[in-house]
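Visitor: Residue-level listing of the chains:
There are 2 protein chains.
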Amino acid sequence: MSRVITAFRASPDRGRGLARDMRVRWALEELGLDYAVCLVDFAELRAPAHLARNPFGQIPTLEDDGLVLFESGAIVLHLAQSAKGLLPDQPHPRARAINWMFAALNTLEPPILELESALLGESDKAWTAERRPLIEQRIDQRFAALSTRLGAAPWIDGAFSVGDLMLVSVLIRARGPGILDRHPVLRDYVARAEGRPAYQRAFAAQRAVYLASRG
Amino acid sequence: MSRVITAFRASPDRGRGLARDMRVRWALEELGLDYAVCLVDFAELRAPAHLARNPFGQIPTLEDDGLVLFESGAIVLHLAQSAKGLLPDQPHPRARAINWMFAALNTLEPPILELESALLGESDKAWTAERRPLIEQRIDQRFAALSTRLGAAPWIDGAFSVGDLMLVSVLIRARGPGILDRHPVLRDYVARAEGRPAYQRAFAAQRAVYLASRG
Chain F
2 MSRVITAFRA SPDRGRGLAR DMRVRWALEE LGLDYAVCLV DFAELRAPAH LARNPFGQIP
62 TLEDDGLVLF ESGAIVLHLA QSAKGLLPDQ PHPRARAINW MFAALNTLEP PILELESALL
122 GESDKAWTAE RRPLIEQRID QRFAALSTRL GAAPWIDGAF SVGDLMLVSV LIRARGPGIL
182 DRHPVLRDYV ARAEGRPAYQ RAFAAQRAVY LASRG
Chain Z
2 MSRVITAFRA SPDRGRGLAR DMRVRWALEE LGLDYAVCLV DFAELRAPAH LARNPFGQIP
62 TLEDDGLVLF ESGAIVLHLA QSAKGLLPDQ PHPRARAINW MFAALNTLEP PILELESALL
122 GESDKAWTAE RRPLIEQRID QRFAALSTRL GAAPWIDGAF SVGDLMLVSV LIRARGPGIL
182 DRHPVLRDYV ARAEGRPAYQ RAFAAQRAVY LASRG
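Here the protein sequences come in this chain order: F and Z.
To get this note's numbering, take the position in the first sequence, counting from 1, and add 1.
To get this note's numbering, take the position in the second sequence, counting from 1, and add 1.
Note that these hints are calculated values from the structure, not bench results.
Since the list can't tell identical chains apart, any single copy or any two copies may satisfy a pair.
The list that follows gives simulated cross-link-like pairs (lysine to any residue, SDA-like), each with its CA atoms no further than 25 Å apart:
# : residue 1 : residue 2
1 : Lys-85    : Arg-197
2 : Lys-126   : Glu-137
3 : Lys-85    : Gln-201
Could you build the full structure based on these sequences and the hints that come with them?
Guide: Structure (structure tokens):
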């Protein structure tokens, strides 16, 4: 098999599907593509072999028939272009699906990453409790805008696409801090996505890796 | 002309080319594509006409022959796929150029946005002075990794591509706070990109809009 992704041997999210390999596994399952997983320990992230795959020392990466990619957005887009199922055939709907991928990664995810930085990297700082509502407000504003656009539709623009896959993957990261529950339209959207068999296969696969790491 | 972008009538960056329409203008100039600009005031960003284009109320947007896109990454990718000049023809180099676009937007830009949030949105808070070095450290780590990968090469992966266009567009946002100057490999990379005639045409166009707004 020529398609190999990297993932954490012991993910810091404890198998809750928040690590970015989950997005890639989910896309692979939606597309019905086989893949193998190369597990890496934290210490290996900074080793030359992994930095050759990803200069920023993160997971996931994809090696596919000699091609090496390291951004989850680029990997999912590449896979979606390789097989049918996640991108509309018509040019305009296709461009709009890709637009929603970028919205997930460059409009919705940055304030969520900021909250994660605060809760993980600045948890010992006196200011974090007071800052937290400011960051959550930035997330809430964007979630409210997305809720308005989604409305009563099952998916963001017609049939389920890479746009939905990436939006849901990002929204899920705001569940732990309780933000997603404040936005019922998005909470239901995430639940709908989690009910997809491909999601469940991907979730089970990443969870099995974490459980195995605990021995 | 069917291709219309939106931009600020009076950009908060005072015409320094940091607003996200600059990325799109630059891509259009590199590709030799004509475009018109629809200027919007801040008050119009939340008006129904603009929210129909972009539910998050931001600029830029693109309307191209009936297609409406609102993420600068998606717009630049769409344009690069519409004309020759910013994407390699071969599938592997093409996928890698797109990978660098995502790296710019989802790995490099989030900590820069976090610094902008701190300096603009939390400038009145007592903690901002103490937090600033923590955020800059996150940016420096990623800039160091990118510097190592770029090395002595003029562009990130062969010929100039959308990957370079987006990396440079993001790196420029770290010049004001003095971070870019700490990374000479990247500072020279940005200077090389700024020397491109297409960059200069795009920069002059957005600057002329700002100067006109001052009457």
